[in-house]
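Protein chains in written order, with full-length UniProt numbering: chain V, 1 to 86; chain Z, 1 to 344.
Keep in mind that the hints were calculated from the coordinates and are not lab data. Ideal Cβ positions, reconstructed from N, Cα and C, are used throughout, including at glycine. Each hint should be verified, as a subset may be incorrect.
DEER-style ranges, computed between Cβ atoms [unchecked claim]:
hint, chain 1, residue 1, chain 2, residue 2, range
1, Z, 108, V, 76, 15 to 25 Å
2, Z, 301, V, 18, 49 to 59 Å
3, Z, 122, V, 18, 56 to 66 Å
4, Z, 82, V, 23, 17 to 27 Å
5, V, 63, Z, 82, 16 to 26 Å
6, V, 76, Z, 301, 39 to 49 Å
7, V, 74, Z, 9, 31 to 41 Å
8, V, 18, Z, 97, 14 to 24 Å
9, V, 78, Z, 332, 31 to 41 Å
Subject to a maximum C-alpha distance of 30 Å in a straight line, what follows is the list of computed DSSO-like cross-link-like pairs (lysine-lysine) [what the hints assert, rightly or not]:
hint, chain 1, residue 1, chain 2, residue 2
10, V, 64, Z, 134
11, V, 72, Z, 333
12, V, 45, V, 72
13, V, 79, V, 64
14, Z, 333, Z, 171
15, V, 64, V, 45
16, V, 72, Z, 86
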Amino acid sequence: MSAASPLDEQNDRHAPLSSPEIVVCPNGPLLVRGDFTIAAANGGKIPRRRRTVALCRCGASGIKPYCDGTHKLIGFRTKPDTENAV
Amino acid sequence: MRIPSARGRFSGSLFELLRRPPEEETTGTFSLVEQLVDQAMDHHEILVDEDLQLALFCLYELHYGGLEGANERWEWNPGLIAARQKIEAVFEEALRGAVVLPSDRPENSDSVAEALFGLTAADNGPSMSRYVAKSATVEQVREFVVHRSIYQLKEADPHTWAIPRLTGRAKAALVEIQADEYGGGRQERMHSALFARTMRVLGLHDSYGAYVDVVPALTLASTNMMSMFGLNRRLRGAIVGHLAAYEMTSSQPNRLYGNGLRRLGFSQDATWYFDEHVEADAVHEQIAGRDLAGGLFETEPHLLEDIYFGATAALALETMSTARIMAAWEAGKSSLLVPLPSSS
Chain V
1 MSAASPLDEQ NDRHAPLSSP EIVVCPNGPL LVRGDFTIAA ANGGKIPRRR RTVALCRCGA
61 SGIKPYCDGT HKLIGFRTKP DTENAV
Chain Z
1 MRIPSARGRF SGSLFELLRR PPEEETTGTF SLVEQLVDQA MDHHEILVDE DLQLALFCLY
61 ELHYGGLEGA NERWEWNPGL IAARQKIEAV FEEALRGAVV LPSDRPENSD SVAEALFGLT
121 AADNGPSMSR YVAKSATVEQ VREFVVHRSI YQLKEADPHT WAIPRLTGRA KAALVEIQAD
181 EYGGGRQERM HSALFARTMR VLGLHDSYGA YVDVVPALTL ASTNMMSMFG LNRRLRGAIV
241 GHLAAYEMTS SQPNRLYGNG LRRLGFSQDA TWYFDEHVEA DAVHEQIAGR DLAGGLFETE
301 PHLLEDIYFG ATAALALETM STARIMAAWE AGKSSLLVPL PSSS
């Protein structure tokens, strides 16, 4: 039996309210919602101050792992062909 | 807040009325206010009209925290609503005249977000944040915070009016943003509370409306614009566009404001508000662009122009207001109507 896709989970009324979801923002960060922790490489937890966070993926944020909008200043572009829904 | 000092004939008559019981003022209110507005609307300077912007601000305040000494029944008095609508009609016309809307027609929610990100990136108004980061004096920073306090002490409230006017994806997005604005259930983390903390560190009064008497019309107009967009259901596209533009022009400026306060030796208590917005608004701008504005476009595509209108009007008023404040400072003057007592 195959695992449920995220979409099935979203539409499943029995799915826990807090099941995590990652939104891939074109030319921007990864938005993460739901129940998750951000672990540091040494095993500790990175402080999280809000329910939904934006994780840097351009590499230029001054508050990594979080996004601070710098991707807009450096012209960070993602490739639509690898990020479109199927 | 207290009823402020009048700045002209219309605000004077309005404040006099507000101190009386509304029951005694029925048809009289309607005709008096209408007549006064007709007289006052003969010019096209409404964005910088001290008398009308202050009056409009107080008419809206009846729907927020109220005015001390004004009976709460004035809120829905037909005469006052009629007066408000007359001012709003001219105000909206002035704002629409001050902006150029993009002509491109987006295909989906992502392209609406792209268009809004494009608009805000192209905005090349004078930069208050760079000035605060590098050059502003403590007195100038205190003035800047006083201007901002008119909105920031009720931060998020004008956009909250839009929640029941939206559905589906756009509504869920707005609620998610607003929950964060209101501290995620923690009173002390509400953005308005963080701003009040900054004010206290700077030796300023943090009660709502404490500085209404000293800020110029343009500063009041920025908040009035949000109230007008938020309180009129037909302008729900504009309040959504406004929030998107606001969030999209926030992270980097707030980093610079925080840097400016650190340069001047202020503590983390003073910079918390600004530092918080660097991270928060990098989240909010994505949700506001894609799910809020984009989601609204998907359900009500005819609102696209108003989404753009709200966004461009937000940028235009910010540019005008910043130019006015910086011009005063360059001339060695206060940007307020009355300079603040110097900080001790």
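(message) For the hint 15 to 25 Å, verify it against the beta carbon of residue 108(Z) and that of residue 76(V).
(response) holds, 21 Å
(message) Would the hint linking residue 72(V) and residue 333(Z) be met if the CA-CA limit is 30 Å?
(response) Judged against 30 Å, a Cα distance of about 35 Å means the pair is violated.
(request) Can you let me know if the beta-carbon spacing of residue 78(V) and residue 332(Z) is within 31 to 41 Å? (result) violated, 48 Å
(request) Could you grab the alpha-carbon distance between residue 64(V) and residue 134(Z) and see if it respects the 30 Å cut-off? (result) Roughly 24 Å separates the two Cα atoms, so the pair holds.
(request) Please work out if residue 64(V) and residue 45(V) have their alpha carbons no farther apart than 30 Å. (result) holds, 14 Å
(message) Run the distance test for residue 79(V) versus residue 64(V): straight-line Cα separation, threshold 30 Å.
(response) holds, 22 Å
(request) Measure nothing beyond the straight line between the CA atoms of residue 45(V) and residue 72(V); if it is 30 Å or shorter, mark the hint as holding. (result) Between residue 45(V) and residue 72(V) the Cα gap is close to 28 Å, so the pair holds against 30 Å.
(request) With respect to the beta-carbon atoms only, verify the hint that residue 122(Z) and residue 18(V) lie 56 to 66 Å apart. (result) Hint violated: Cβ distance 39 Å, outside 56 to 66 Å.
(request) Note whether the CB distance of residue 63(V) and residue 82(Z) lies within 16 to 26 Å or breaks it. (result) violated, 49 Å
(request) Indicate whether the distance between the beta carbons of residue 82(Z) and residue 23(V) respects the range 17 to 27 Å. (result) violated, 45 Å
(message) Please check whether residue 76(V) and residue 301(Z) have a Cβ separation lying inside 39 to 49 Å.
(response) violated, 29 Å
(request) With 14 to 24 Å as the target window, see if residue 18(V) and residue 97(Z) comply at their CB atoms. (result) violated, 48 Å
When each numbered hint is compared with the structure, violations occur for hints 2, 3, 4, 5, 6, 7, 8, 9, 11, 14 and 16.
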